[in-house]
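Respectively, the protein sequence lines represent chains A and B. Residues in the first sequence are numbered from -15 upward in steps of one, following the working numbering. Residues in the second sequence are numbered from 14 upward in steps of one, following the working numbering.
It is worth saying that the hints were derived from the structure and are not from the lab. Do not rely on the hints blindly, as some may be mistaken.
To give a feel for the contact side, a few chain B residues facing chain A, derived at Cβ under 10 Å [what the hints assert, rightly or not]:
1. Ala74
2. Thr103
3. Leu110
4. Phe111
5. Leu124
6. Arg191
7. Lys199
Far from chain A, by Cβ distances over 12 Å, these chain B residues were calculated [unchecked claim]:
8. Glu118
9. Val171
10. Leu190
11. Gln193
12. Ile278
13. Leu310
These numbers come from a predicted model, not from an experiment. Backbone N, C-alpha and C fix where the C-beta goes; we use that ideal spot for every residue, glycine too.
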Amino acid sequence: MAFAAFATQAAPVEAAPRRRSRMALFLLLPGILYLVLFFLTPLISLLLTSLQAPREFGDIGQYDYAFNWQNYVTVIDDYLPHILRSFGYALAATVFALLFSYPLAYFIGVKARRWPLLQSLMLVLVIAPFFISFLLRTLAWKQILSDESVVITSLKALSLLAPDAHFTGTPVAVIFGLTYNFIPFMTLPLYSALERLDTRYLEAGSDLYAGPFTVFRKVTVPLSMPGIVAGTLLTFIPAAGDYINASRDFLGGPDTQMMGNVIEANFLVLLNYPAAAALSIILMAVILIMVSIYVKRSGTEDLL
Amino acid sequence: MRMPAGAFAERGADLELVGIQKRFPGFTAIENLDLTIPAGSFFALLGPSGCGKTTTLRLVAGLEEPTAGRILIGGADVTGQKPHQRPVNTVFQSYALFPHMSIIENVAFGLRRRRIPDPSGKAHEALRLVELDHLAQRKPQQLSGGQQQRVALARAIVNRPALLLLDEPLGALDLKLRRQMQLELKSIQEEVGLTFLHVTHDQEEAMTMADTVAVMNKGRIEQLGAPEQLYELPKTAFVANFLGQSNLFTGQVAGTTSEAISVDINGQPIIVALPRAHRHTGDVTIGVRPEKVSLHLDKPVTDAARNLVGPGRVIDVSFSGVSTQYLVAVPGVGTMVVFAQNMAFGPVAQEGTEVWLSWNIEHGFGLEDDPADVNAEAPKFPADTDTRSIAAQKRDALISELEEG
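So here's chain A without its partners, still in its complex pose:
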């Protein structure tokens, strides 16, 4: 349902004849099987794990199936700051990515229409970072922004930064990393929406006494809403669950841990599987609720 928002150019759907066809069911079978095996089963397993209780007199990491709802209360109690931080960082990264990507996508999709070569070149530049691993790029930023790096030392030399300031390990660095890593996911859907923007509507707007800013607010933004919704979802959802940027090995520090880091620690270090599973379920549920409200409120379904 949330993905209906991605169908930015849904052709007017004609009511298909609702004929039950065995052939259709047969053709759907591989897909259904795949989903049951690799989505439904793990999900149920995760849900059951989240309700497990520690085995009596058992070792660390030994749990029994139970209906231990208390797990949820405990993790919320223990990790509320991490939960809030996750969504806060993801929200900030989404906003920054949108602010950065919209002008970029507008330039590529609208202003550069006259120069198709420039358009393709700029699109390649947006996608180019994907040619290098996500981990490597994040590590590179850690190098660039470390306390001994040229960037930070020069900023300090120019007194633009306090002599004892750090960049890596701060929330700013984590949000910066998230924003940087998800910019292509924001730019591409925005580009595909803006590339189709009919500039005659903008002319009509200015002909009807709307200044440039009003035309942007009343015509351009609503018409590119499908791209905005798609881009923000593609940024917000993975950013909320991200554990690379906030990790101590990359751009984060002890005070910047997000839900992803806590889940990782609980699964792999503390071997507290129920807590990790409960956190995963909470992350999923919160994202699902937020996204549903967002898609509903942005009203993109009646745009096309």
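Chain A is already provided as a structure; the job is to place chain B on it using the hints.
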């Protein structure tokens, strides 16, 4: 003149274009255009695709900037103003109704921007004028082409602009709807008293609706005047052929009296009344409209008030209900077109019939063009319905689109 916020224009305003020139990279769309459109008139700019008429309209709306020249609306210079500052509204060829807004929001858009009190009440009023108020809550894409066209019109006139621009607004409609909309437009203009500037390539539309028609060709105005005047007394070969059809002949002036000139067409004298001839000496092009020419099956008695040519042979007959079009090859004069009302049943002459043609010397006209130029640029402008001309227009439109884009 700026549109004051919160108030309507009192009435239509004059539009003045002074020495307008518009160059696009690679070609000149408008070459030194001077034009005055008086307040309250219905003015049509008529011409084939690529003649610069749409560019003129966009210049007035502020969507393009002139390379040189000034634009005055109601006496005030608006050349430097942005589109949203001009007291002008446009009905776009594509209608350009905002797809994300309902019909009523579309119509109220301009009113809200200018903070006119009671925007939705006024928008409903405008929709009632075009008889679409019952569809106010729909989205544009749920309406038919004709309905969208009327909404586009309502969205423009609701603002009571000093000047309303219409860019081929009836282009996408079928013939019946077109006639209906033409009437509606005309009555709205009479009702609200705005100045209308209508751009079209349809000569019939221009002639039936406008008080004044300017025929444009290659970025220049060829002739400007009332529709009857343009039709009855065309100044150039382009006008003579773009507005309806004409029989044109080229020859030297053989004699002049105080009332008429006599032109020698390969030995055949043809008389044109002096006030109806723009050139009186040397080589001239003269013409007559096909419906003014009478077809005679027997050689008529010579009449000093009529030109007589023939005998010629009918080479083609096409029956079109009300009238019949004959193509007559007259040796020495060329092929002439004759429209004859079907007073009897069916055509009066068949292919191959020997006929004489005559017309009142008061019905002929002499062009202002130098015949040398006329012959240089293909004197016959093909009729709009001709497949070749449609192909040519399509090509021109594509070229201009490519050049603009």
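Hint check results:
no.	hint	in the structure
1	Ala74	holds (6 Å)
2	Thr103	holds (5 Å)
3	Leu110	holds (8 Å)
4	Phe111	holds (6 Å)
5	Leu124	holds (9 Å)
6	Arg191	violated (22 Å)
7	Lys199	violated (23 Å)
8	Glu118	violated (10 Å)
9	Val171	violated (10 Å)
10	Leu190	holds (22 Å)
11	Gln193	holds (24 Å)
12	Ile278	holds (51 Å)
13	Leu310	holds (57 Å)
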